[in-house]
Structures are given as structure tokens and as C-alpha cells.
Amino acid sequence: MIHESSITAIAVFLAFVTSVLAISFRLGSKAKSAGGYFAAHGHVGWFVNGIAFAGDYLSAASFLGICGMIAVSGYDGFLYSIGYLAGWIVALFVIAEPVKRLGRFTLADALNARFGSRGVKLVAAVGTLVISLLYLVPQMVGAGALVKPLLGLPHWVGVAMVGAVVTVIVATAGMVSTTWVQFIKGTLLVFVCSILVWMLLARGFALPSSPIGPGEVQRLARGTAGTLVNGAPLSAENQLDSALRRGHGTGFGSVASLPGGVASTGALGPVEYISVFAGSSITTWRKGVDADSGETTFSPVERSGSELLLPGGSPTFRGVREDSLSAKFDFLSLMLALFLGTASLPHILIRYYTVRDASAARKSTVVGIGAIGVFYILTLYLGIGAMTSGALDPTDSNMAAPLLARTFGEGLFAVVSAVAFTTVLGTVSGLVIAGAGAVVHDLLRDGLGLRLDDASQVRAGRIAAVVLGLGAIGLGVLFEGVNVSFLVGWAFNVAASTNLPALVMLLFWRRTTRLGVIVSMSVGLGTSLGWILLSPDTLERVFGYTAAEATARSPVPFSQPAIVTVPLAFLALVVASLLGDRRPPAVRGHPAGDPSG
Amino acid sequence: MSSRRRWIGPLLFAVYTLAYAAFVFVAAFASFEGGKPAGGLAREAYAGVNWGVIAGFGLIVGAFLLAVVYALAGPAATEDSEAPR
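Those protein sequences? They're chains U and X, same order as listed.
Numbering-wise, the first sequence is residues 0 to 596 according to numbering that gives the first Met the number 0.
Numbering-wise, the second sequence is residues 0 to 84 according to numbering that gives the first Met the number 0.
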């Protein structure tokens with residue numbers, strides 16, 4: 000679809016981004032040392048850090064991906080909300096305080112605190128880089144999805160814009176400004192989404208001007224002659240939803256019937272809103288391909304609201320409704336990855352180093368859980384609102400939330416888009432900082448033994464940030480159109496498999512050895528990545544096989560690896576610790592960041 | 000550190016993990032038969048809203064409540080310097 004930009008939208012958007020950059024530069028100018036650049040001197044207050052946790056965590060996957068998935072498939076997107084939040088329980092009760100006590104700059108600091116091992120540092124650094132990159136991809140895809148409707152620019156321009164702005168933020172300022180960007184973004188995101196939900200409830204549901212018939216298939220063809228919509232060239236007047244708007248006064252995603260046969264409901268309360276939705280019929284759109292012409296088709300399918308509020312409606316979670324055991328395992332595995340992944344994400348873990356002590360780390364997490372929890376409750380309303388407001392772009396689910404805001408006017412659309420863009424900026428900044436920290440401290444200094452003074456560390460960190468930013472831009476262009484929550488699922492699987500077994504055993508099993516940690520992390524990283532690359536989902540969504548071909552060709556029985564690879568990494572650690580290097584840890588209580596081997 | 004305070008974190012973690020596991024297993028094994036809704040999360044809880052929605056909200060709100068309990072009743076700040084077990 001062609002999305003036209005408006006002057007208001009662009010002005011508000013530019014004002015937002017400029018303000019964030021100005022704050023970033025002002026605060027970043029204070030961070031001259033490595034301690035300031037990578038960990039904000041450990042002086043961030045617990046409340047600010049807690050909201051920054053929310054800013055860091057509520058990424059494009061949460062805002063754009065979850066809302067988009069709910070808008071297209073119903074309840075399944077909400078499963079991500081539940082799993083993402085549940086992961087914070089692992090972070091709070093198991094990981095947060097010990098990690099704060101053990102580390103200084105990076106995740107590897109904590110993992111290596113007992114050993115002073117070059118091997119642990121290297122494996123942890125590689126793991127951090129891979130996970131950060133996997134997590135960066137969906138953020139960049141989300142950025143591309145935002146600028147299309149906002150500025151009327153192609154996907155790749157959005158990706159490049161975020162890459163450039165974030166690289167500037169991180170390369171010039173570091174953790175102090177990143178923290179404040181995330182604090183501002185976290186606050187704005189929860190506030191703006193609350194306003195949007197309040198407006199949704201005040202509007203309630205309404206039917207289109209006339210019913211949409213089952214035969215009103217919308218067709219899209221891309222060829223050498225350009226893009227054709229329903230047989231005519233794509234233009235501002237002939238878009239994918241133009242025929243629907245002319246005939247029915249609505250676009251994609253609308254209510255077909257309401258309880259009691261009314262045409263509109265008026266304002267509804269929060270419980271009533273879901274109750275009315277459950278009793279309604281919704282016109283959803285099924286994507287297909289015309290066997291004769293090869294055109295992409297979008298066919299209207301009427302579904303009951305109560306069915307849309309059940310799990311298993313999307314390809315990612317279809318295992319819930321299938322009887323095969325492998326399909327069930329796929330679902331269980333993803334829910335396990337979401338539960339264990341949060342506490343294993345390097346960019347989340349390093350935020351514990353920005354506060355003064357373990358007590359502040361705990362309070363930060365509680366504040367973070369509160370803000371994140373409020374947001375995730377709102378996602379169900381935002382998704383249902385997007386599903387029924389006639390504003391969906393059926394070619395890209397990631398645009399659902401901003402396009403929903405557009406139904407309330409250009410001003411709100413601009414604000415929501417700007418906040419979403421800031422969302423991407425905040426998360427990408429955190430990821431790039433985590434990656435840069437791993438490169439400088441764990442790879443260059445401790446792994447390769449380069450002697451770097453304080454200023455050199457900051458300089459090397461900035462160069463690493465630029466390189467990571469460029470890599471993320473390339474991958475963001477490559478994965479256009481793939482739902483960002485689905486992509487984030489990969490990062491959670493790899494993070495849970497690579498980091499969690501080593502972290503947990505290091506904290507709670509005294510016989511854990513250096514070799515055990517290295518073997519566990521290597522096994523977790525290698526098997527989870529390999530499993531994902533060979534999975535049916537990857538063969539279908541990335542390599543373009545049909546669903547049947549992908550299932551037949553894939554050597555693994557289901558797509559989400561955590562249920563196999565997490566236990567495997569635990570087992571590898573126990574076996575390697577018991578059979579391998581039996582020497583006691585070289586440096587107990589060894590201060591992080593001062594490796595000796 | 001008093002034993003009560005030391006155990007409150009693992010206890011709350013166990014409570015939440017059990018609740019989350021129950022939710023996931025009910026979704027996977029007790030809500031559908033032959034692809035059709037059949038009890039579990041698909042069952043209506045209140046005014047047409049099913050248990051899937053109620054349980055989802057419950058897990059989100061429950062996480063926050065447990066976090067608050069931990070902040071109030073967990074290890075005191077002065078006890079934080081103890082080494083992890």
C-alpha cells in the first residue's frame with residue numbers, strides 16, 4: 000500500500016527525534032571514562048533505571064509486533080505479552096542481584112567472576128554479539144515499518160535512519176544518554192498507549208456503512224510492469240483498501256456484526272470492551288495466492304470474536320490446536336524460551352550495572368515489571384482496536400498500532416509513530432552498547448589481550464558501535480515484512496540456551512567449573528542457532544519453501560529449540576564440570592574487569 | 000539473614016513458575032480437541048470472556064504483585080552483600 004505523509008506528522012516526528020537527540024548529547028557529554036560510557040558510573044537512580052528497563056525491554060517487538068499479531072491473529076499476540084512479562088520473574092528472583100554483585104560492565108564479567116578465564120570471556124562475548132544482532136534485526140524491521148506510513152518513504156530508508164541516529168547516539172554518548180533515552184521512551188510509550196486505549200474504549204465498536212461480502216477478494220500483483228491492485232496500477236487513488244473504502248466506508252479489519260444487532264456500541268468499559276468483542280463477528284482477511292494468475296489475494300473471512308480470543312490462530316502458535324506431539328512441543332518450547340530468555344538478554348543484564356547496589360537492582364526490577372505489565376495489558380486492547388478499526392495494512396502486520404492511531408487523527412498518529420520510533424531508538428541503543436561492551440572488554444581486551452587505556456576503550460567501543468549499526472541496517476532491510484515478535488522469539492531461544500544454564504549453575508552449584516561454563520555456552524549457542532537455521536519456520540519464512548516442503552525438508556521436528564537446547568546446555572555444563580577440569584576456580588571473588596588468564 | 004527472608008525469593012519464584020506452567024500446559028493439552036475448543040482456556044469465565052484472557056491478565060498482574068511482595072518482605076538492603084548461594 001502507498002502511505003501518504005502529512006506535514007503535521009513529519010513536524011511532530013522530527014520534533015520528537017530532535018529532542019531525544021539533544022537530551023542524549025547533553026547527558027552523554029558527561030560520560031568520558033569507560034565506567035561512564037559502558038555503565039553510567041553505576042549512579043543511575045533505581046526509579047529511573049526501572050523505567051529505563053521498561054524502555055529497554057518494550058521494543059519494536061512489543062509495541063509493533065504484539066499489536067500487529069493480535070490485530071491479525073487474535074489472542075496469540077497476547078501470549079507473547081504473557082511470556083515476555085513472566086520472564087521478569089526469573090530476572091528478579093534468580094538473576095538480578097547476584098549478577099549485580101558479580102559484574103561490572105558486561106555479562107561476561109559476571110560469568111567470569113569466579114574464574115578469570117580468557118575462554119569464558121570469549122564465548123560469552125560471541126554469545127552476546129549473536130544475541131544482540133538477532134535482537135537488533137526485528138528492531139530495524141520495525142523502524143522500516145514505521146516510516147512507510149509516517150513519512151511515505153521506503154522500508155530501507157527507515158532502517159537506515161534508525162541505524163544512523165542510534166549509531167550517533169551510542170558512538171557519541173554511551174550508557175548515560177542511552178539510559179535517559181530509554182527512560183523518556185518508556186514513560187512516553189506507556190502514557191501514549193494508555194491515552195490510545197482510553198480513546199478506543201470511548202469510541203467502542205461500529206459496523207461499516209454496508210456489509211463486506213465473502214466474494215470481495217482484493218488482489219495485488221507485482222511484476223515488471225509495476226504493482227497492480229485489482230488489475231489497475233497502484234496509485235494514491237487505487238490502493239489495496241480503496242475499493243473497500245468506497246464501497247463500505249472502511250479498510251481492512253472491521254466488525255461484521257455486534258451483539259444485539261446494533262450498528263454501534265458507544266463508549267465501553269474495559270471488561271465490556273472485551274465482552275462485546277467476544278460476542279461479535281469480525282471480518283478478517285486471509286492472504287493467499289491465485290493459482291492461475293499468481294496474484295496475491297486477500298479474501299474476507301468472517302470469524303467470531305470468541306474464536307479470535309483463543310490461542311492457536313497464528314502459524315507460530317498453531318501447535319496449541321493440533322493433536323501432534325511435535326506441534327505441542329513447538330508451543331511449549333516457545334513459551335519456555337520467553338520465560339527464560341528475558342533474564343538471559345545481555346542488554347537487559349547490563350542495566351543492572353548502572354545502579355549503585357543489589358538493593359537498587361531489585362527496586363529497579365519491581366518498577367520495571369510494573370511499567371511493562373501495564374503496557375502488556377494495554378496490548379490486548381490495542382490489538383483488538385487495530386483489528387476492528389478498518390485501518391490494517393494486510394501486507395505488513397507491524398504497522399497495526401500506528402495505523403490504529405491514524406484513525407483518531409494525524410496528530411495522534413504522528414505522536415504514536417514518533418514514540419514508536421523512539422522505542423526502536425532506545426532498544427537499539429541498548430543493544431549496540433551491549434554489543435560494543437562485549438567487543439571491547441571481552442574480545443579485544445580480555446580475549447585477545449590488547450592493552451587498552453580508558454580512552455582507548457571508549458574509542459574502540461564507539462567504532463564497534465558503528466560496525467554493529469551497519470550490520471543491523473543490512474539485516475533489517477533483508478527481513479522486511481516478517482512479524483517482529485516472531486523474529487524476537489529467535490533471540491529469546493538463543494539467549495535462554497546460551498546464557499541461562501551457565502548463569503544459574505554458576506550461582507547455585509558450587510562444583511561448576513570454568514570448562515563447564517565454556518562447554519555449556521558453546522553447546523547452547525551452537526545447537527539453538529543450528530536448530531533455528533534448519534527449522535521448518537526458517538525454511539518457510541526466510542528461504543521461501545511452502546509449508547509442506549519446509550516440514551518435509553527440515554531435519555528438526557519443530558521450530559522453537561529451547562525445550563531441547565536449554566536442558567542440553569545444563570547437561571553439558573554438569574558433564575564437563577564433573578569430568579573435565581577438576582581444579583578449583585583460579586580466582587574466587589576475582590574482581591570483574593581484571594582478568595588474569 | 001533470617002531463614003524466612005532468604006527463602007522468600009525462591010518461594011515466590013516457585014509459586015509463579017507453577018502458575019505459568021499450569022497456564023501453558025492447560026493451553027497445550029486441555030483447551031482443544033481435534034482443533035476445536037474444548038474446555039480449559041476456551042471455557043467462558045465471565046460475560047463471554049474466556050479463561051485464556053482472564054488467566055493472561057492474572058499472570059501479568061500476579062507478576063507485579065509478587066515483585067512488590069518481594070520488595071517489601073525479601074532480603075533487606077543491608078543483607079545484600081552476602082554471597083550468592
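Everything labelled a hint here was simulated from the structure, so no lab data went into it.
Using N, Cα and C, we set each Cβ at its ideal position, and we do this for glycine too.
Keep in mind that a hint or two might mislead.
Claimed, not checked - Derived, one-sided and incomplete: chain U residues facing chain X with beta-carbon distance under 8 Å:
1) Ala266
2) Leu267
3) Gly268
4) Val270
5) Leu308
6) Phe330
7) Arg361
8) Val365
Hint check: 8 Å Cβ-Cβ cutoff, valine 365/U to chain X: Where the cut-off is 8 Å and the nearest Cβ of chain X is about 4 Å from valine 365/U, the hint holds.
Does alanine 266/U meet its interface restraint, that is, does its C-beta lie within less than 8 Å of any C-beta in chain X? With a closest approach of 17 Å, the alanine 266/U hint is violated.
Agreement of hint arginine 361/U with chain X interface, Cβ distance less than 8 Å: holds (6 Å)
Can the hint on glycine 268/U be confirmed by a CB-to-CB distance to chain X that is less than 8 Å? Violated, because the Cβ-Cβ distance from glycine 268/U to chain X comes to roughly 11 Å (cut-off 8 Å).
Let's test the interface hint: is any C-beta of chain X closer than 8 Å to that of phenylalanine 330/U? holds (5 Å)
Under 8 Å, Cβ to Cβ, is where valine 270/U needs to be relative to chain X, so tell me if that hint holds or is violated. holds (7 Å)
Chain X contact restraint for leucine 308/U - C-beta distance below 8 Å: holds (6 Å)
So, as I understand it, the hint says leucine 267/U touches chain X; can you test that by seeing if any CB pair is closer than 8 Å? With a minimum Cβ separation of about 12 Å from chain X (threshold 8 Å), the hint on leucine 267/U is violated.
Taken one by one, the earlier hints fail for this structure at numbers 1, 2 and 3, listed in ascending order.
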